[in-house]
Amino acid sequence: MSKPRVATTSLCGCFGCHMSLLDIDERILALAEIVEFDKSPINDHKDFTQRCAVGLIEGGCANAENVHVLRRFREMCDVLVSVGDCATTGGIPALRNLVPLGECLHEAYVAGPSVHNPSGRVPDDPEIPLLLDKVYPAHEVVKIDFHLPGCPPSADTLWEALNALLAGKPLALPYALLKYD
Amino acid sequence: MSADPSLILDGREIPFVPGQTILQAADDAGVYIPRLCDKPGLEPFGSCRVCVVRANGRTVSSCTYPASLGMVVESETPELQAMRKVLLEMLFVEGNHFCMSCEKSGHCELQALGYRFGITAPQFEYQFPHREVDASHPDILIDHNRCILCARCVRTSRDLDGKEVFGFVGRGPHKRLAASTGSRLKDTNADVTDRAIDACPVGALLRKRVGFAVPVGQRPYDTVPIGAPEPVQEARR
Ligand code: SF4
Ligand code: SF4
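These protein sequence lines map, in sequence, to chains A and B. So for the first sequence, this note's numbering puts the first residue at 1; every next one is plus one. So for the second sequence, this note's numbering puts the first residue at 1; every next one is plus one.
Calculated from the structure, these hints are not laboratory results. Among the hints, a few may not be true.
Claimed, not checked - In silico SDA-like links for lysine to any residue, alpha-carbon gap of 25 Å or less: (1) A/Lys143 x B/Gly70; (2) A/Lys143 x B/Val216; (3) B/Lys85 x A/Phe15; (4) A/Lys143 x B/Pro129; (5) A/Lys169 x B/Phe128; (6) B/Lys85 x A/Tyr175; (7) A/Lys143 x B/Val86; (8) A/Lys143 x B/Phe128; (9) B/Lys85 x A/Leu171; (10) B/Lys85 x A/Glu160.
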């Protein structure tokens with residue numbers, strides 16, 4: 001039987017959740033024994049090669065590209081897991097939801113004290129993914145099967161969850177592994 | 001010798017003193033009923049509804065409902081636990097709770113209840129409401145983003161500090177905490193030693209410059225759930 005495939009991505013996140021996954025230390029060898037990584041920054045595969053058992057989503061959706069990638073993960077993965085506070089709540093990027101988008105861009109590209117932008121224009125190249133009106137948690141965009149909050153979730157949390165999911169067992173995190181910070 | 005009056009809580013007979021609420025009787029018997037707006041020593045308020053129970057078949061808040069002789073109370077049923085969980089989820093989405101950068105994280109009763117109820121993500125959409133921060137006072141700050149309108153500060157200031165620093169303004173979704181003698185906290189007689197500040201269950205009312213003192217892993221709710229015997233003592237401090 002071939003190994004179950006796992007795909008991962010970082011949408012509007014900081015890669016901290018991926019760092020936490022690497023933080024499982026030598027257990028990554030055991031993980032490599034039981035799974036094959038498909039599309040993931042870990043192996044730098046840019047697109048899916050085939051359908052995956054588990055997709056790990058770091059980050060929420062801040063722009064159109066995030067939405068596109070997230071929908072692709074939903075399409076290609078049997079089980080989709082939101083990993084980290086940005087995916088489950090919007091997280092730190094969602095602080096911008098408290099300020100209208102126009103004001104946010106004006107501060108970042110025009111009025112901010114350290115900005116040097118003589119044209120006074122906000123970047124609008126069509127190559128740049130369009131920003132959404134606000135940052136959305138992953139489950140407000142597609143159906144998410146499991147959530148692992150934390151900023152980031154600890155290596156132990158990710159390890160426990162992955163093992164349970166891959167073994168087809170119910171995901172019941174011990175108290176100390178469910179954290180919002 | 002006549003026996004103390006008693007009620008039945010989840011099949012167990014527990015005594016009560018006439019005049020006690022269901023929640024007070026349960027506390028005295030060492031049975032934890034989840035709650036947020038209730039705090040021992042303060043007048044019951046009944047706003048958060050997290051302490052919901054079924055008493056003789058009626059759904060009531062146990063912090064305000066008087067215990068009575070032979071009353072049959074259900075608390076730990078799947079239905080009531082589900083109701084409490086929904087109430088907690090609503091509190092999370094109707095404010096702005098960025099736990100990862102909150103001084104109260106690890107000490108917060110709302111967060112601790114989220115953990116206790118195993119909430120990994122709320123089923124409702126995040127509202128991201130516009131809320132203000134009042135940092136006008138030199139030593140105390142109000143972050144309305146995290147306020148759950150429990151009135152613990154209002155009651156503590158009024159009844160224990162003898163001050164009335166806080167009150168509410170507005171109604172329904174517009175209701176918010178306000179400094180009662182002026183528009184800003186600096187215009188009140190609030191003081192850094194007020195017991196009202198310690199009464200806040202969340203990170204809405206904070207002393208400045210003292211956050212993040214306890215390392216992650218050693219905070220009250222890092223390893224022991226709220227309602228377990230030790231942290232309950234901690235929360236009541
Ligand atoms: S008040 Fe509590 S729930 Fe809200 S952000 Fe702070 S720790 Fe989290
Ligand atoms: S500031 Fe704290 S104690 Fe006061 S009403 Fe808000 S949440 Fe409750």
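Earlier hints that do not hold, by number: 1, 2, 3 and 5
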